[in-house]
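Protein chains in written order, with the UniProt record's numbering: chain D, 1 to 318; chain F, 1 to 292.
Hints may contain errors.
Stated by the list, open to error - Computed cross-link-like contacts, DSSO-like style, restricted to lysine-lysine with a CA-CA straight-line distance of at most 27 angstroms:
(1) D:Lys105 with D:Lys308
(2) D:Lys2 with D:Lys308
(3) D:Lys3 with D:Lys175
(4) D:Lys308 with D:Lys74
(5) D:Lys308 with D:Lys294
(6) F:Lys186 with F:Lys88
(7) F:Lys186 with D:Lys317
(8) F:Lys262 with D:Lys294
(9) F:Lys88 with D:Lys301
(10) D:Lys2 with D:Lys294
(11) D:Lys317 with D:Lys3
(12) F:Lys168 with F:Lys186
(13) F:Lys160 with D:Lys317
(14) D:Lys151 with D:Lys175
(15) D:Lys301 with D:Lys175
(16) F:Lys165 with D:Lys272
(17) F:Lys165 with D:Lys308
(18) D:Lys2 with D:Lys301
(19) F:Lys165 with F:Lys262
(20) D:Lys294 with D:Lys175
(21) D:Lys105 with D:Lys175
(22) D:Lys2 with F:Lys262
(23) F:Lys160 with F:Lys186
(24) D:Lys105 with F:Lys160
(25) D:Lys294 with D:Lys317
(26) F:Lys168 with F:Lys88
(27) D:Lys74 with F:Lys168
To be verified - Stretch-level coverage of chain D by chain F, calculated; a stretch enters the list once three of its residues show a Cβ under 8 angstroms from a Cβ in chain F:
(28) 118-126
(29) 151-162
To be clear, the hints were calculated from the coordinates, so they are not data collected in a lab. Even glycine gets a Cβ: it sits at the ideal position worked out from N, Cα and C.
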Amino acid sequence: MKKSVILFFIFIAILVILPFLVSGYWLRVLTQTFMFAAIATGSNIIIGFTGYPAFGNIAFFGIGAYVTGVLMTKYNFSFLLTLPLCALSGFLIATLLGLPLLRLKGHYFAIATIGVMEAIKEIVDNMTEITGGGMGLTLPIMEGEPAYIYKFFYYAILLIMLLTIAVAFLIFRSKFGYALRAIRIDEDAASVMGINTSLFKTISWAISGALVGIAGGAYAYWLTYIDPSTVFETSYSVKMFAMILLGGGTTVLGPMIGAFILELVSEFVWSKFIEIHGMILGMLIILIVIFIPKGLFETFKGGFSFRKIIINLRENKL
Amino acid sequence: MIILQVLLNGILLGGFYALIGVGFSLVWGVTNIINLAHGAIALLGAYITLFLFQYYGVDPFLSLPFSFIPLFIFGYILQRYLLNLVVKAQIFMLLILTFGIEIFLVNFMTTFFSADFRSVTPDYAGESLIIGDIVIPYIRLAVFAICILITLLLSLFLNKTWTGKAIKATSLDIDAAMMVGINPAKIFAITFAIASGLAGVAGSLFSLTQAFSPSMAGSLTLRAFIVSILGGLGRVEGALLGGIILGIVETLSSYIIGESYKNAITLAIMVLVLVIKPTGILGKKYFAEVKH
């Protein structure tokens, strides 16, 4: 564990220096990667730690984006002031939804969260007076040089990613985190042991919703234009899930590592094969699930080998 | 009188929903896979019909076997050589896997057929049956009849043939089925093949009733899902009931509240049913009642 912590800090130090060395293009790519890392790490609190596949967790991303968007355009809020409100709205909505939905298990829960996401998207789409509906919402553009703006968002979203990782780490190490793992492994047993499972599940989803909401708020200001189909984007859900799978959902840093690998690979693919980019993304997800269903961490603990891949294949075969 | 027309439109739409839902529901019930690529497979059928109609002038109704057979084979291969490999993994692995397939297929269709909306319009497209104030386009009537017929044929297949009984047996108790000499890997593949073939036929019929584009895959899958939830897993008669309920609810709510909230209402109903009664309105586990 200690070695990985040291590596992590070296990695962050490199990321802090990087804006002075690379071009604007790479800053944009990295900023996007941080954003996905934040979404994946935040969502992993409910998905990996608690074991509830919240497929539609991107709903909170969209909510955060619209909280920032609406407050900044209609009520002249400053950007930084909107972020706590993004977190708050994510937290509250997840709590409200959690009470009925977290009673569902497995498939049913996953699909219900997709349903909720689509329903929220429709509502935002129809509240034209506040949200601009399908025409979208244009946020005020930040003042300053483009180079400055690039760096501002790079560091802002890096900080959001670090905050998310810190929260995930604190939860992971706390009694609360142990309780969540107990729920994942055997919910009935956890309940018998005196864990108030419905309360714990709801809090875990609410924290997850709050963190994803902040990422959404930052994204809205970064992009300066949002509409329902760009922020409630189902393919983001899939990417987020693939990142968690790739890195491993039972760890704190897994989703971040997954995000870096998948985002950089898909950026590479995107720049080389624009036409078939989506097809390759689909293939990539299929391959991840088939060959490393437990994630890179779990599968290759103690070194890479093809034998481990074969064992994975045999284990899940009919 | 207009309400009668709305109800009738709902029922006709419901027949289509039943056909798209029945295969999805069967796969879910037998293999415990929620196939998020179902809608994309259906759209492949729609493009086959479009292709045959545009280039060879094949009547859309005659193209049904041409969408059934290739997609049947496609489904068989997909399950046998891909999904069977991970069928024992955690459930959301399968969700993500079928979603990966969906992304692949949707992007495949977008790349090769473009993202534009297409439609299939044979000469008789505009003709309708008129009874008093009520107007029923012949095509919708025919689509409804074919959907109901195919769904009933599937029911007969499941109840009367050896393969059908083997599918039901596998869904009830996979170990016991193996003991009597059923190969579950094959049964899973056949089940998925039937579902994909039927989705293809549903897609072909879909292309006749409205314009379509690759982006509609998700909403078709969602409707298949709702039909399964409403009707109970793997139950043919449940899918018919679920499809018709969904069709009526959709047309009624667009008539009363407005077209723009149609999806939101459909989704709200789905979530409500999930929360109140996850086993569906008919409320029994898959084929469990057949056993006794």
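>> To test your reading of the hints: which numbers does this structure violate?
In response: Hints 1, 4, 8, 11, 13, 14, 16, 17, 19, 22, 24, 27 and 29 contradicted; others consistent.
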